[in-house]
Amino acid sequence: MLTYMLTRVFRAALTILLVMTFAFVVLRLSGDPAAIMLGPDAPTDSVDAFRAEWGLDDPIWKQYFAYLKSIAQLDFGISMRDRSSAIMLVLERLPATLALTVPTLLIQLGIGIPAGVYAALHRQSVADRGVIMLSIFGFTIPSFVMGLLLVLVFAVTLGWLPSGGQDSWRHAILPILTMSVGGIGILARFSRSAMIEVMGQPYIRTAMAKGLSWRDVVWKHALPNASVPIVTIVGFMVGSLIAGAVVVESIFSWPGIGRLLIVSVSNRDLAVVQCLLLVIASSMVIANLCVDFAYGLLDPRLRAKTTAH
Amino acid sequence: MTFVSIRDLKVAFDGVHVLHGIDLTVARGEAVGLVGESGCGKSVTWLAALGLLPGKATVSGSVTVEGQQLIGAARASVEAVRGGRIAMIFQDPSSSLNPVRTVGRQICESLALHRGLDGRARRAEAVRLLDMVGIPDAARRVDLYPHEFSGGQCQRVMIAMALAGEPDLLIADEPTTALDATIQAQILDLLSTLRRETGMAMVFISHDLGAVGAICERVNVMYAGRIVESGDIAPMFERPRHPYTQGLFDAIPRLDGTRNRLIPITGTVPDPRRMPDGCAFAPRCTKASAFCTDTRPDLKPQTDGRDLACFHPVAHQQTVAGEERRRIPA
Ligand SMILES: Nc1ncnc2c1ncn2[C@@H]1O[C@H](COP(=O)(O)OP(=O)(O)OP(=O)(O)O)[C@@H](O)[C@H]1O
Ligand SMILES: [Mg+2]
Numbered sequence: 001m002l003t004y005m006l007t008r009v010f011r012a013a014l015t016i017l018l019v020m021t022f023a024f025v026v027l028r029l030s031g032d033p034a035a036i037m038l039g040p041d042a043p044t045d046s047v048d049a050f051r052a053e054w055g056l057d058d059p060i061w062k063q064y065f066a067y068l069k070s071i072a073q074l075d076f077g078i079s080m081r082d083r084s085s086a087i088m089l090v091l092e093r094l095p096a097t098l099a100l101t102v103p104t105l106l107i108q109l110g111i112g113i114p115a116g117v118y119a120a121l122h123r124q125s126v127a128d129r130g131v132i133m134l135s136i137f138g139f140t141i142p143s144f145v146m147g148l149l150l151v152l153v154f155a156v157t158l159g160w161l162p163s164g165g166q167d168s169w170r171h172a173i174l175p176i177l178t179m180s181v182g183g184i185g186i187l188a189r190f191s192r193s194a195m196i197e198v199m200g201q202p203y204i205r206t207a208m209a210k211g212l213s214w215r216d217v218v219w220k221h222a223l224p225n226a227s228v229p230i231v232t233i234v235g236f237m238v239g240s241l242i243a244g245a246v247v248v249e250s251i252f253s254w255p256g257i258g259r260l261l262i263v264s265v266s267n268r269d270l271a272v273v274q275c276l277l278l279v280i281a282s283s284m285v286i287a288n289l290c291v292d293f294a295y296g297l298l299d300p301r302l303r304a305k306t307t308a309h
Numbered sequence: 001m002t003f004v005s006i007r008d009l010k011v012a013f014d015g016v017h018v019l020h021g022i023d024l025t026v027a028r029g030e031a032v033g034l035v036g037e038s039g040c041g042k043s044v045t046w047l048a049a050l051g052l053l054p055g056k057a058t059v060s061g062s063v064t065v066e067g068q069q070l071i072g073a074a075r076a077s078v079e080a081v082r083g084g085r086i087a088m089i090f091q092d093p094s095s096s097l098n099p100v101r102t103v104g105r106q107i108c109e110s111l112a113l114h115r116g117l118d119g120r121a122r123r124a125e126a127v128r129l130l131d132m133v134g135i136p137d138a139a140r141r142v143d144l145y146p147h148e149f150s151g152g153q154c155q156r157v158m159i160a161m162a163l164a165g166e167p168d169l170l171i172a173d174e175p176t177t178a179l180d181a182t183i184q185a186q187i188l189d190l191l192s193t194l195r196r197e198t199g200m201a202m203v204f205i206s207h208d209l210g211a212v213g214a215i216c217e218r219v220n221v222m223y224a225g226r227i228v229e230s231g232d233i234a235p236m237f238e239r240p241r242h243p244y245t246q247g248l249f250d251a252i253p254r255l256d257g258t259r260n261r262l263i264p265i266t267g268t269v270p271d272p273r274r275m276p277d278g279c280a281f282a283p284r285c286t287k288a289s290a291f292c293t294d295t296r297p298d299l300k301p302q303t304d305g306r307d308l309a310c311f312h313p314v315a316h317q318q319t320v321a322g323e324e325r326r327r328i329p330a
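Chains as they are written, first to last, in the UniProt record's numbering: chain A, 1 to 309; chain B, 1 to 330.
Honestly, the hints are just simulated from the structure, not real lab data.
We treat Cβ as the ideally placed atom computed from N, Cα and C, and that holds for glycine.
Take the hints with a grain of salt, since some may be wrong.
To be verified - Each pair of labels, with its calculated beta carbon distance range:
hint: 1; chain 1: B; residue 1: Ala74; chain 2: A; residue 2: Gly159; range: 51 to 57 angstroms
hint: 2; chain 1: B; residue 1: Ala181; chain 2: A; residue 2: Cys290; range: 43 to 49 angstroms
hint: 3; chain 1: B; residue 1: Asp8; chain 2: A; residue 2: Trp214; range: 26 to 32 angstroms
hint: 4; chain 1: B; residue 1: Glu148; chain 2: A; residue 2: Gly31; range: 56 to 62 angstroms
hint: 5; chain 1: A; residue 1: Ala155; chain 2: B; residue 2: Phe13; range: 34 to 40 angstroms
hint: 6; chain 1: B; residue 1: Phe291; chain 2: A; residue 2: Ser213; range: 47 to 53 angstroms
hint: 7; chain 1: A; residue 1: Ser240; chain 2: B; residue 2: Glu148; range: 33 to 39 angstroms
hint: 8; chain 1: A; residue 1: Phe236; chain 2: B; residue 2: Ala251; range: 51 to 57 angstroms
hint: 9; chain 1: A; residue 1: Arg301; chain 2: B; residue 2: Ala139; range: 21 to 27 angstroms
hint: 10; chain 1: B; residue 1: His17; chain 2: A; residue 2: Ser213; range: 29 to 35 angstroms
hint: 11; chain 1: B; residue 1: His17; chain 2: A; residue 2: Leu152; range: 51 to 57 angstroms
hint: 12; chain 1: A; residue 1: Cys290; chain 2: B; residue 2: Glu148; range: 22 to 28 angstroms
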């Protein structure tokens, strides 16, 4: 189990490194920060001074190693824009993003899984058809369309909720709703099919043949087995939540790390973008890591496989 | 003394009828065989009786356990019969156990439900049961998961679980089909020993007529969703009357090794969606007349005490010793 965990952690670290390297290269090749920061009409000597100051004239491999070295010393660089610490800029914005993503995740889990399980246990019922239809609707509509639709209905037409900003909890409602819909759809669909699959297994018939009540069959025998595929999909969703916040934050002018990312990318504020990507990549990788460990806890067969390695 | 009585049991899946009115009884303490080719409805009969079929199945008829009706009964009253009065073990032991619970917990569940045991006594009883069904080192292995047992051991665990409820009747649905020959014999031996010790009744579902002959006192032969012949084991083995029963016997490999005696029944089981009008076996029957293809024979009591559904039963001039066909498991 320990070697299994170590290899997983090692693989996770490697993934993050790859993402960072890729981002580093793409960012350096896709535009000159000096031109963007200083404007197209800046005098050549001030451009040269800027490039020299930020080491932009060095060959890319040299810049890359300098970057790795500072990361290793937990120095994440400073913003080219206002020279404040890049990591501090990101951390300042993180709570705002978490204020959207955490409730979103809870809503997705709280509605998606029960809806899917209920539909699976009442197949062909009106509720089942409703869940299928709504879940397809939920995950096929892109979040920006959903966001605009909600703004149109609840902010513009009905005037019940504000359409943007971060002044009160009421401002969070529409962004959270927008983010939740897709995940609820995916989770409902996955939970439903996982549960249908499990309910058709011979061991469920055995549990019923024993004389267990329907409730116990579902709670003690079906759900623990269905939870393995469900956890997989939850892992994916958690990983993509922060990435998904980028879109929603810009629709609703929510000052989280998503907005910061968009601003920093268009400014070519390299250190800040790198830092943000590090946070986003880490959140995905950590989510996957948690899923791997959860597998071991949920399924003894996987546990056995991992100790054998 | 009838324990379970099934009358005119019919089952359809999405409108396709697979059981066309099954009548059978099981008395207290007796062992009854249920034989027939794959797909004839042996499993469905008992799954329907216990309400274990998926929701898309429509079930009608009557199944009574000491007078208590199960078909259409409230869920709770059917649950009270399952496991405690009638237990069932299945064809594929490995996938019939829940992979994420230890075998001990799965047995303990039955013990809590039917015997009200808890704590240390319950665990001790689980270990005793595992020991009784022949799991070596039961005290340690009670905490293992099903994937840590072989197929034969999983079937033993299933048997232990069934015994945990101290049932009056055990339905053994092809308990050895998925296992290899030596293990088959061991499981059959275990089942007949347990029956002798506990005095419970048993329904033994099988393709293996030899095993049925060794274990059971009576046998029902099923074909395409109907019982075509039933009666006491010895006369059935000596003088099978239905051509289908005769065919099943001819298809058994003989111990004396004379290969030419192995005569398979020609043709295949009819598709449930396209049942012949008359006798379902007529298209494969060497004795079938035009009457057989038009009119369906009902299962009728015969003068020799058995029930038979055939217009042209086998007349017995040639006698093959019935004893020879009854293989005693090792
Ligand atoms: N869940 C189901 N859905 C649809 N049809 C089914 C279902 N279960 C059984 N059947 C059909 O019912 C018929 C009888 O099946 P059953 O499982 O009782 O056969 P069996 O006699 O037990 O065969 P075997 O010896 O292979 O176990 C078959 O035609 C089968 O296709
Ligand atoms: Mg079967």
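Each hint, compared with the structure:
1. Between B:Ala74 and A:Gly159 the C-beta distance comes to about 53 angstroms, which sits within the given range of 51 to 57 angstroms.
2. Taking 43 to 49 angstroms as the suggested C-beta distance range, the pair B:Ala181 and A:Cys290 conforms, at roughly 47 angstroms.
3. A C-beta distance of roughly 27 angstroms is found between B:Asp8 and A:Trp214, which places it inside the suggested range of 26 to 32 angstroms.
4. Checked against the given bound of 56 to 62 angstroms, the beta carbons of B:Glu148 and A:Gly31, roughly 59 angstroms apart, stay inside it.
5. In this structure the supplied range 34 to 40 angstroms is violated for A:Ala155 paired with B:Phe13, their Cβ-Cβ distance being about 52 angstroms.
6. In this structure the supplied range 47 to 53 angstroms holds for B:Phe291 paired with A:Ser213, their Cβ-Cβ distance being about 52 angstroms.
7. Checking the proposed 33 to 39 angstroms range against A:Ser240 and B:Glu148 shows it holds: the Cβ atoms sit about 37 angstroms from each other.
8. In this structure the supplied range 51 to 57 angstroms holds for A:Phe236 paired with B:Ala251, their Cβ-Cβ distance being about 54 angstroms.
9. Range check, A:Arg301 to B:Ala139: Cβ separation about 23 angstroms, and the 21 to 27 angstroms hint holds.
10. Hint check: B:His17 to A:Ser213, Cβ distance near 31 angstroms, so the stated range 29 to 35 angstroms holds.
11. For B:His17 paired with A:Leu152, a C-beta distance near 55 angstroms keeps the hint of 51 to 57 angstroms intact.
12. Between A:Cys290 and B:Glu148 the Cβ separation comes to about 27 angstroms, which falls inside the hinted range of 22 to 28 angstroms.
Of the numbered hints listed earlier, the single one contradicted by the structure is hint 5.
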